[in-house]
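Visitor: Now for the letters of each chain:
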Amino acid sequence: MRTVQSGASLHDATVVLDDRVILRAVNLDVGPGLTLVRGPNGSGKTTLLRALAGLVPLARGDRKGSGDVLYIGHRPMLLRGLTARENLEFFVRFRGGDTRGIDGALRAWGVGEDMDRPVERLSAGERRRAALARVETEGVPLLLLDEPFADLDDAGSRRLRQTIARARDDGRSVVVATHAHPELDELAKTRLAIDDGVVDTAA
Amino acid sequence: MRTVQSGASLHDATVVLDDRVILRAVNLDVGPGLTLVRGPNGSGKTTLLRALAGLVPLARGDRKGSGDVLYIGHRPMLLRGLTARENLEFFVRFRGGDTRGIDGALRAWGVGEDMDRPVERLSAGERRRAALARVETEGVPLLLLDEPFADLDDAGSRRLRQTIARARDDGRSVVVATHAHPELDELAKTRLAIDDGVVDTAA
Amino acid sequence: MSVPYRIALVAGRELRAERRQPDGVVAAVTFIAVLVLLESLVVGPSIARDTDVASALFWLALAFATILATMRSFDRELEDDALEGLVALPGGRDALFGGKVLSLATVLLLVAVVGGILSIVLLDLRIALPLHLLVVVLLGVLALPPIVVVDVVLALRLRARAALVPILALPVLVPQLVAATRGTSAALSGDAVGALSWAGLLFAFAVVYTVIGLTIVPAAIE
Amino acid sequence: MSVPYRIALVAGRELRAERRQPDGVVAAVTFIAVLVLLESLVVGPSIARDTDVASALFWLALAFATILATMRSFDRELEDDALEGLVALPGGRDALFGGKVLSLATVLLLVAVVGGILSIVLLDLRIALPLHLLVVVLLGVLALPPIVVVDVVLALRLRARAALVPILALPVLVPQLVAATRGTSAALSGDAVGALSWAGLLFAFAVVYTVIGLTIVPAAIE
Amino acid sequence: MTETTIPRGNALPRIRPWLGIAAAASFVVASVMALFWAPTDAVQGNVYRILYVHVPLAWLAYLAFVVVFLASVGWLWTKNPLFDAIAVSSAEIGVLFTGLFLVAGSIWAKPTWGVWWTWEPRLVTTAIMFVMYVGYLLLRGLSTDFSRRATRAAVFGIIAVIDVPIVHLSVLWANSLHQLPTVLRAGGSPALDSSMLLTLMVSLGAYTLIYAYFMTSRISLERARQERLWTT
Ligand code: HEM
Ligand SMILES: Nc1ncnc2c1ncn2[C@@H]1O[C@H](COP(=O)(O)OP(=O)(O)OP(=O)(O)O)[C@@H](O)[C@H]1O
Ligand SMILES: Nc1ncnc2c1ncn2[C@@H]1O[C@H](COP(=O)(O)OP(=O)(O)OP(=O)(O)O)[C@@H](O)[C@H]1O
Ligand SMILES: [Mg+2]
Ligand SMILES: [Mg+2]
Numbered sequence: 001m002r003t004v005q006s007g008a009s010l011h012d013a014t015v016v017l018d019d020r021v022i023l024r025a026v027n028l029d030v031g032p033g034l035t036l037v038r039g040p041n042g043s044g045k046t047t048l049l050r051a052l053a054g055l056v057p058l059a060r061g062d063r064k065g066s067g068d069v070l071y072i073g074h075r076p077m078l079l080r081g082l083t084a085r086e087n088l089e090f091f092v093r094f095r096g097g098d099t100r101g102i103d104g105a106l107r108a109w110g111v112g113e114d115m116d117r118p119v120e121r122l123s124a125g126e127r128r129r130a131a132l133a134r135v136e137t138e139g140v141p142l143l144l145l146d147e148p149f150a151d152l153d154d155a156g157s158r159r160l161r162q163t164i165a166r167a168r169d170d171g172r173s174v175v176v177a178t179h180a181h182p183e184l185d186e187l188a189k190t191r192l193a194i195d196d197g198v199v200d201t202a203a
Numbered sequence: 001m002r003t004v005q006s007g008a009s010l011h012d013a014t015v016v017l018d019d020r021v022i023l024r025a026v027n028l029d030v031g032p033g034l035t036l037v038r039g040p041n042g043s044g045k046t047t048l049l050r051a052l053a054g055l056v057p058l059a060r061g062d063r064k065g066s067g068d069v070l071y072i073g074h075r076p077m078l079l080r081g082l083t084a085r086e087n088l089e090f091f092v093r094f095r096g097g098d099t100r101g102i103d104g105a106l107r108a109w110g111v112g113e114d115m116d117r118p119v120e121r122l123s124a125g126e127r128r129r130a131a132l133a134r135v136e137t138e139g140v141p142l143l144l145l146d147e148p149f150a151d152l153d154d155a156g157s158r159r160l161r162q163t164i165a166r167a168r169d170d171g172r173s174v175v176v177a178t179h180a181h182p183e184l185d186e187l188a189k190t191r192l193a194i195d196d197g198v199v200d201t202a203a
Numbered sequence: 001m002s003v004p005y006r007i008a009l010v011a012g013r014e015l016r017a018e019r020r021q022p023d024g025v026v027a028a029v030t031f032i033a034v035l036v037l038l039e040s041l042v043v044g045p046s047i048a049r050d051t052d053v054a055s056a057l058f059w060l061a062l063a064f065a066t067i068l069a070t071m072r073s074f075d076r077e078l079e080d081d082a083l084e085g086l087v088a089l090p091g092g093r094d095a096l097f098g099g100k101v102l103s104l105a106t107v108l109l110l111v112a113v114v115g116g117i118l119s120i121v122l123l124d125l126r127i128a129l130p131l132h133l134l135v136v137v138l139l140g141v142l143a144l145p146p147i148v149v150v151d152v153v154l155a156l157r158l159r160a161r162a163a164l165v166p167i168l169a170l171p172v173l174v175p176q177l178v179a180a181t182r183g184t185s186a187a188l189s190g191d192a193v194g195a196l197s198w199a200g201l202l203f204a205f206a207v208v209y210t211v212i213g214l215t216i217v218p219a220a221i222e
Numbered sequence: 001m002s003v004p005y006r007i008a009l010v011a012g013r014e015l016r017a018e019r020r021q022p023d024g025v026v027a028a029v030t031f032i033a034v035l036v037l038l039e040s041l042v043v044g045p046s047i048a049r050d051t052d053v054a055s056a057l058f059w060l061a062l063a064f065a066t067i068l069a070t071m072r073s074f075d076r077e078l079e080d081d082a083l084e085g086l087v088a089l090p091g092g093r094d095a096l097f098g099g100k101v102l103s104l105a106t107v108l109l110l111v112a113v114v115g116g117i118l119s120i121v122l123l124d125l126r127i128a129l130p131l132h133l134l135v136v137v138l139l140g141v142l143a144l145p146p147i148v149v150v151d152v153v154l155a156l157r158l159r160a161r162a163a164l165v166p167i168l169a170l171p172v173l174v175p176q177l178v179a180a181t182r183g184t185s186a187a188l189s190g191d192a193v194g195a196l197s198w199a200g201l202l203f204a205f206a207v208v209y210t211v212i213g214l215t216i217v218p219a220a221i222e
Numbered sequence: 001m002t003e004t005t006i007p008r009g010n011a012l013p014r015i016r017p018w019l020g021i022a023a024a025a026s027f028v029v030a031s032v033m034a035l036f037w038a039p040t041d042a043v044q045g046n047v048y049r050i051l052y053v054h055v056p057l058a059w060l061a062y063l064a065f066v067v068v069f070l071a072s073v074g075w076l077w078t079k080n081p082l083f084d085a086i087a088v089s090s091a092e093i094g095v096l097f098t099g100l101f102l103v104a105g106s107i108w109a110k111p112t113w114g115v116w117w118t119w120e121p122r123l124v125t126t127a128i129m130f131v132m133y134v135g136y137l138l139l140r141g142l143s144t145d146f147s148r149r150a151t152r153a154a155v156f157g158i159i160a161v162i163d164v165p166i167v168h169l170s171v172l173w174a175n176s177l178h179q180l181p182t183v184l185r186a187g188g189s190p191a192l193d194s195s196m197l198l199t200l201m202v203s204l205g206a207y208t209l210i211y212a213y214f215m216t217s218r219i220s221l222e223r224a225r226q227e228r229l230w231t232t
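Protein sequences appear in the order of chains A, B, C, D and E. If you read the first sequence in my numbering, its first letter stands for residue 1, the second for the next number, and so on. If you read the second sequence in my numbering, its first letter stands for residue 1, the second for the next number, and so on. If you read the third sequence in my numbering, its first letter stands for residue 1, the second for the next number, and so on. If you read the fourth sequence in my numbering, its first letter stands for residue 1, the second for the next number, and so on. If you read the fifth sequence in my numbering, its first letter stands for residue 1, the second for the next number, and so on.
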């Protein structure tokens with residue numbers, strides 16, 4: 001059962017928000033490798049990732065998978081008031097990991113000088129970089145990244161592509177929802193097209 | 001004095017935040033046409049746009065320009081609790097404009113069905129689209145757009161490029177800071193490269 | 001567009017958001033209700049019914065409600081940088097203070113009426129001069145928001161802003177609270193001259209702080 | 001990693017952010033200080049010094065401080081979706097309630113100590129049973145946060161959440177507030193049996209609501 | 001205007017030592033007069049001598065806060081950093097003096113009124129004034145960059161000054177324990193023995209010099225800090 005160990009799956013998953021159906025009977029099995037989610041604005045990409053992470057209640061159907069997920073959404077999910085380093089330390093400790101790699105990861109992501117400033121005083125891209133450094137500090141088998149290229153400059157985008165490729169090569173499951181970077185398609189094992197809550201696995 | 005009427009300029013502008021120098025002695029004159037701001041994360045693009053909008057106090061130097069600015073930052077700047085339509089109505093009324101175009105603009109930007117839902121319940125891209133509809137509803141001579149392509153799908157990006165091109169052709173001054181869309185360079189009259197707070201006009 | 005029109009627009013926007021998420025109003029009313037309930041439950045109705053004690057508690061609760069409502073109003077503005085969108089408008093800076101004060105005064109008037117009726121009913125208070133009471137409450141409600149809005153703007157985006165606002169605002173509010181309490185107490189107990197002279201003082205406070213706010217806040221926002 | 005360790009981590013994260021932005025603590029302390037100042041200024045020190053009145057005001061201020069601090073703590077979590085980042089962690093859901101209650105109780109204890117000392121000094125209160133007083137205050141402080149955290153979590157995704165929380169929380173808190181006030185008053189005036197029996201009631205409240213919270217909250221978050 | 005009397009630039013370091021010497025000398029003279037030369041009070045005995053510390057410090061605290069107000073207006077008007085330097089300096093000294101005269105008054109209160117503290121309008125308003133300017137300094141300390149800090153502080157400096165006349169007039173409210181105006185009376189001459197009055201005036205002069213000396217020192221410190229900021 002390698003797939004379930006490092007992945008997650010949805011069966012007939014239906015999500016309703018505000019009495020509107022946002023995801024319709026989605027059947028999906030996410031395994032090792034890169035799964036790319038494409039779809040227009042408002043089609044349900046974010047909702048799909050949140051469903052995979054177990055963050056949104058399903059009106060019908062169910063979700064399987066270990067709890068070991070790293071989900072980074074549209075927003076960086078770092079607590080304001082804490083520095084970038086403190087935020088990452090919290091996450092690593094919570095997973096029972098080793099905090100020694102944090103400095104290196106933040107420096108590699110280009111926020112070495114800024115890691116001891118409160119995250120609300122970083123620029124949008126710096127904050128995104130600090131959040132993405134979590135991919136390296138928390139060695140989690142399932143990564144869910146929602147529009148992770150937003151606000152990144154070219155160097156940051158390059159680094160993120162490499163990180164995604166490396167995670168894929170390491171046998172981790174990576175799900176990325178993004179409008180950008182068509183060249184990612186080549187790396188992807190699965191490409192999902194989502195439209196109005198309906199997931200098309202054949203894309 | 002066409003330039004000043006539909007533009008803004010900075011002279012020797014220096015911005016200090018947290019006792020760190022973020023912009024260094026910037027001299028810049030923004031006139032009609034497209035001005036493109038490029039630079040790595042944390043280089044000061046957002047701060048430059050905010051300085052042009054008069055939103056950040058200058059430690060040295062000064063800013064000239066009419067107050068007639070439309071600035072849309074990294075975040076959509078719509079008040080939560082209100083619907084997209086109500087937000088846009090407020091802005092238009094505040095400028096003494098005509099609110100009849102709002103429905104059409106929102107529909108053209110693809111948020112016709114969602115315009116009567118509170119903005120915090122829209123998807124990231126839908127919110128961005130609602131904010132960008134302001135470019136059409138408020139006929140302002142100076143547009144400052146900070147990473148406006150973030151979260152937009154291909155159709156949205158295309159529409160935004162068209163909107164920028166049209167604004168430029170109408171003789172409006174458009175300043176765009178973005179990492180994306182290298183093809184915008186062709187439309188640009190001026191390309192600014194900014195690094196560590198130093199603006200290079202010769203780029 | 002004239003400044004008053006813009007102020008009205010800002011106030012309207014605020015009130016609409018407040019109607020959707022009635023943070024300030026309901027919190028304040030509940031607070032007053034529980035205060036009154038607890039007071040009479042614990043200290044016995046005889047002390048709680050004392051006009052001095054009742055009016056002091058009422059105004060204290062209202063002052064705290066003002067601070068709360070103002071802070072929440074600006075919290076909402078900070079989400080998604082909505083405040084910046086408003087300030088970037090031509091004339092936005094000038095309309096901000098007036099709009100916030102106007103909308104807050106409206107909300108507070110509502111809170112004061114509901115809270116006042118609650119206090120009167122629950123504590124079974126006798127009102128000697130209802131009209132004077134109304135004047136005092138109205139002027140007291142107008143005198144509170146200006147200073148609080150100024151202080152919230154001053155503390156905006158600072159690290160300890162929620163801590164700073166009460167520290168800055170409450171000492172400045174004390175004279176007004178004393179005036180409002182004394183005026184209310186006078187109106188309750190039938191001292192017409194006292195009620196009106198305290199009301200006059202409240203009016204002076206309202207005017208002075210509103211003028212200061214209108215002059216200074218536009219410079220303080222950036 | 002064990003659940004208690006994770007709860008401690010969540011509490012530590014919270015306390016660190018609170019230390020940077022000491023919203024709850026300072027606001028609550030100022031509130032109590034001004035309350036005491038104003039009370040004695042307006043109603044005269046003799047009434048304000050009444051042990052019943054003094055302890056009622058103290059616990060009211062503390063209850064309000066709890067609600068404020070809890071709401072601000074979750075407000076901070078909602079910015080940039082930090083709460084979602086925490087809940088998405090394995091075991092995050094289970095640690096949330098405990099961590100929040102623990103950090104809030106710590107903060108409130110600080111507030112209670114500072115506010116208590118302030119009240120005692122400023123009002124020149126005489127304490128008949130200092131040890132009993134300490135026990136009552138400690139248990140009172142432990143009894144307040146669980147129910148407030150549960151209410152804030154229940155109201156989290158709802159539209160009128162800021163309005164809902166006081167409505168949900170305050171009525172539930174009234175029995176605890178009465179118990180805390182009576183207990184404090186008893187300790188101040190030398191009624192040892194009264195103080196201890198009220199303290200026992202507070203302990204029961206604390207245990208019951210903590211158990212409810214630990215069971216219910218993980219399911220209520222999603 | 002107070003601020004124009006503050007010398008700028010290079011004049012400051014040259015005057016400061018002399019100011020320090022004058023302040024120290026006059027403080028010695030005033031202390032000797034207050035402790036030995038001034039007559040013992042008929043009612044209170046020797047404790048009354050606290051007056052020569054309490055009253056001048058109170059008045060100089062008033063002055064300090066009025067200077068904060070004027071400098072705040074100056075900053076908002078001209079955005080000249082000198083005004084901000086004046087404002088911080090005066091506020092810090094004002095808070096110090098307020099703290100001192102509060103303590104002195106409290107020490108005086110114990111033998112005369114039998115308590116350290118009572119709930120009485122002047123005492124309460126003084127405490128409030130103290131808290132307000134501590135808040136002013138907190139606001140400064142928490143602001144992160146120079147011009148925002150200066151502007152925010154200036155706004156509050158303008159608002160807070162309203163408490164000075166309130167403290168001064170507070171004794172006129174009902175049932176005040178505290179001394180009614182004895183020196184600064186509206187119309188009429190001071191109701192004080194002439195040698196006592198002279199001692200008070202000398203003390204006042206001494207504390208004024210101390211205030212001026214503290215001001216010049218603190219301002220030049222602040223200017224140096226500003227310059228370091230500008231050159232980076
Ligand atoms: C902590 C306690 C006290 C505080 C906070 C306090 C505060 C003040 C203040 C603010 C002033 C300046 C008044 C003005 O000119 O506006 C003042 C003046 C004065 N105080 Fe006190 N005071 C305290 C205790 C006392 C005591 C115990 C006495 C003597 C019994 C006293 C006697 C005086 C006198 C004689 C003046 C000069 C009054 C005048 O000529 O205007 N004070 N005090
Ligand atoms: N509120 C603030 N307080 C202190 N420093 C800040 C603040 N906002 C930004 N900075 C710092 O100022 C610098 C420039 O930030 P700015 O947001 O202008 O960069 P940017 O070019 O827009 O970056 P990005 O591409 O990431 O959006 C960064 O080093 C950042 O850390
Ligand atoms: N909290 C919410 N309450 C109600 N409806 C919501 C909520 N969040 C999103 N929606 C709606 O659900 C639909 C899907 O939203 P979702 O955020 O999943 O889209 P998306 O594909 O991620 O879009 P984008 O490309 O803009 O990020 C949209 O129509 C949106 O309006
Ligand atoms: Mg999305
Ligand atoms: Mg930026």
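Simulated from the structure, these hints should not be mistaken for laboratory data. Predicted model only: the values in this text are computed from it and were never measured. Backbone N, C-alpha and C define an ideal beta-carbon position, used for all residues, glycine too. Check the hints yourself; a few may be wrong.
What the hints assert, rightly or not - Which stretches of chain A does chain B cover? Using the computed rule of at least three CB atoms under 8 Å from a CB of chain B, they are:
id : region
1  : 39-52
2  : 82-95
3  : 184-193
Stated by the list, open to error - Far from chain A by the CB rule (all over 10 Å, computed), these chain B residues:
id : residue
4  : Arg60
5  : Glu147
6  : Asp151
7  : Asp154
8  : Ala155
Visitor: Indicate, hint by hint, whether the structure satisfies it.
Guide: Comparing the hints with the structure gives:
1. 39-52: holds (count 5)
2. 82-95: violated (count 0)
3. 184-193: violated (count 0)
4. Arg60: Answer for Arg60(B): holds, closest chain A Cβ roughly 21 Å.
5. Glu147: Label violated. Min Cβ-Cβ 6 Å, cutoff 10 Å.
6. Asp151: Violated, since 6 Å does not exceed 10 Å.
7. Asp154: 6 Å, violated
8. Ala155: 6 Å, violated
Violated hints for the displayed structure, listed by number in ascending order: 2, 3, 5, 6, 7, 8.
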